[in-house]
Amino acid sequence: MISRILSISKKEMREIIRDKRSLMIIFALPVFLLIMFGYAVTLDIDEIKLGVLDDDNSLLSRDFISTLNSSEYFTITQVIERESDINSLLDRGNIQCAVVIPIGFEKQVERKQKAPVQFLIDGMDASTASIIQSYVIAASQSFSQNVTKDFVSSRTGMKMIEPINIEPQFWYNKSLDTTQFFIPGLLALMLIVISVILVSISIVREKELGTIEQIRVSPVSSFELIAGKIVPYLIVSLIIAALMIFMGYLFFGVVVKGSYIHLFLGTACYLLATLSMGIFISTISDSQQVAFQISQVVSQLPTLILSGFIFPIESMPVSIQILSYITPARYYIVILRDILIKGTPFETFSMQLIYLLIFATAFILISIIRIKRSEAI
Amino acid sequence: MNSIEVINLTKRFGKFTAVDNVSFNVGKGEVFGFLGANGSGKSTTIRMLCGIIVPTSGEASVNGFNILHEPEKVKANIGYMSQKFSLYGDLSVEENINFFGGIYGLSQSRLTDRKNWVLQMSGLTERRKTLSAQLSVGFKQRLALGCAVLHEPAIVFLDEPTGGVDPISRRNFWKLINELSASGTTVFVTTHNLDEAEFCNRIILLDYGKIVATGSPKELKSEFIKNGMLFLESDDVYTAYELLEKHRLVHNASIFGNALHVSLSDAASLEDNAAEAIRAFLESNGIKVAGIRSIVPSLEDVFLETIEKPASDD
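Residue numbers (my numbering), protein chains in the order written: chain U, 1 to 377; chain E, 1 to 314.
It is worth saying that the hints were derived from the structure and are not from the lab. Everything numeric in this text was worked out from a predicted model, so none of it was measured. Cβ atoms here follow ideal geometry from the backbone N, Cα and C, with glycine treated the same way. Fair warning: there could be bad hints in the mix.
What the hints assert, rightly or not - Taking CB as the label site, the calculated pair distances span: (1) SER319(U) to ASP90(E): 42 to 48 Å; (2) GLU347(U) to THR10(E): 41 to 47 Å; (3) ILE25(U) to SER183(E): 46 to 52 Å.
To be verified - Think about it this way: if two alpha-carbon atoms lie no more than 35 Å apart in a straight line, the pair counts; the simulated DSBU-like pairs of lysine-lysine are: (4) LYS49(U) to LYS207(U); (5) LYS372(U) to LYS84(E); (6) LYS175(E) to LYS218(E); (7) LYS10(U) to LYS84(E); (8) LYS10(U) to LYS226(E); (9) LYS218(E) to LYS207(U); (10) LYS210(E) to LYS207(U); (11) LYS112(U) to LYS49(U); (12) LYS226(E) to LYS288(E); (13) LYS210(E) to LYS372(U); (14) LYS207(U) to LYS28(E); (15) LYS84(E) to LYS218(E); (16) LYS28(E) to LYS372(U); (17) LYS20(U) to LYS84(E); (18) LYS10(U) to LYS73(E); (19) LYS207(U) to LYS226(E); (20) LYS49(U) to LYS10(U); (21) LYS73(E) to LYS207(U).
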């Protein structure tokens, strides 16, 4: 049995290596996409372009503006003269946010009245807008806190003590760098797309050429055929994974916090699941084109939408959450975040490995039945 | 022991019956021809005998193994080559041979022996490193045959092995088939090329999934064209054909270019000179007969004789 599986794997490996053009694409594409995505897909917002309209032009108002400017989140790109200019500046994207300090700002503060400050935020991109909003609120609050503090201490001569001193510290991804957070998702996405497409097409191509028939009249069993096809693509995909992780380190400084053996194990289990999915697709498609299209839809969409890569699973409706259970990337992303970012021990993700293996076994069994029963291959 | 025994084999695809209650035996070392038009059920029968598809009903044994209960043993004892010459184009000649050696579990020393034999019989010893996609059709065909019999199976199934091959390569290929048969291998070959069928020891004619005739080429000719055959040249073969179809001396007529092959009826065997009678009949109907003579019927004549008329022109 082993020798027959090896014969098929060896043959397949030869064919992969011989096809230089495809080989280039197989290795270059994931790396290219990783770098592209890595730079593009980031939710960090820094250097918000701020426009300032200071009608008060007082000591306090200038103080407020310089507080905003000195924070790493804002850069003043525009000093606005007239209120009517704000619209066009926002429209043209020169600024993302405008702060308007009305006349009497300082006086009202001194009179211990509430001093209004207006922020106008470009709301086209809702998520960016809400982040800007929270930055703006935080900056204003800390400023008014300082004003209160100064006021109290100048009056009483006592130093005011803040009752609660909040010092938030993020574990695992200390700088809250979203690239770090996205790399696992990207890895899962690239690996599933490439492995599913490669293996399903390789089998359907043999169907088209008729070579599969030659294998089917030989003593090679359905399982041996499937195993023989999985092994070489598992090896190729593992190399791609290693390459991507290395590129992740090179370009985005992603270091593997956990054990490399765990990483290998998790990736291998994930690839077994995706490859068996590819095998199943090949049993239901008759042409390379059909196989390619099904592979793309089945691998890309659920991984993007249902895996927790971009949208947190916890905030999905329950019915969609159930759907996410049949997305292998869901488990792999958890494993990767555990190993890459947290470096947690094996027990924390061992269940995910078991899910992936169940997934793989199920698809392989269905494929064997399909090959045997319906003369599908 | 027969190499292949088939009893009432039937395969239906939905409502369509591809193979209809077919029974036959093939002796060891025979070259057995399976003839029929496209879609007559030849390939389906082969695929059932090879264990790729399961028959709807009926039984068959191949080399003594039941195709339903022991498909693995069947597969270990047969070789198969299809009209597509299923080789890997991006692998070299030698790598293709190694692959088939691997899946049939040949030991290293036996593989070396057999590889040399295949390279020699296919004439590819010098080109063992060539990618098989770069070979001409004739070489591909021989390499495919070599790979099919690499493990020295008791029976080899050839499904339309000579499609798209030039006449010289075809002749060489049949020489290989005869050598295989002489060494005791049973050769089961399907074809719709009737010249080729003449090379077979025994043939079956299949039409719409049913056996319509069986025997050696010689037997078939004498069985179906008992009273001889005439070759008739005329400038208006179509009218002649229509007239002769209903003539009492004629059993069957078929058009070959600008001539007719006319098989004679039982009534003609009692006639002194049937040929002259037919010529006189046609000329009395205003059709010029350029020549008429007796010929030895070919298998094609037998084939046209046996198949149902409306189906003959596909």
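- [ ] Could you tell me which of the hints above the structure violates, numbers in ascending order?
- [x] 2, 4, 8, 9, 19 and 20
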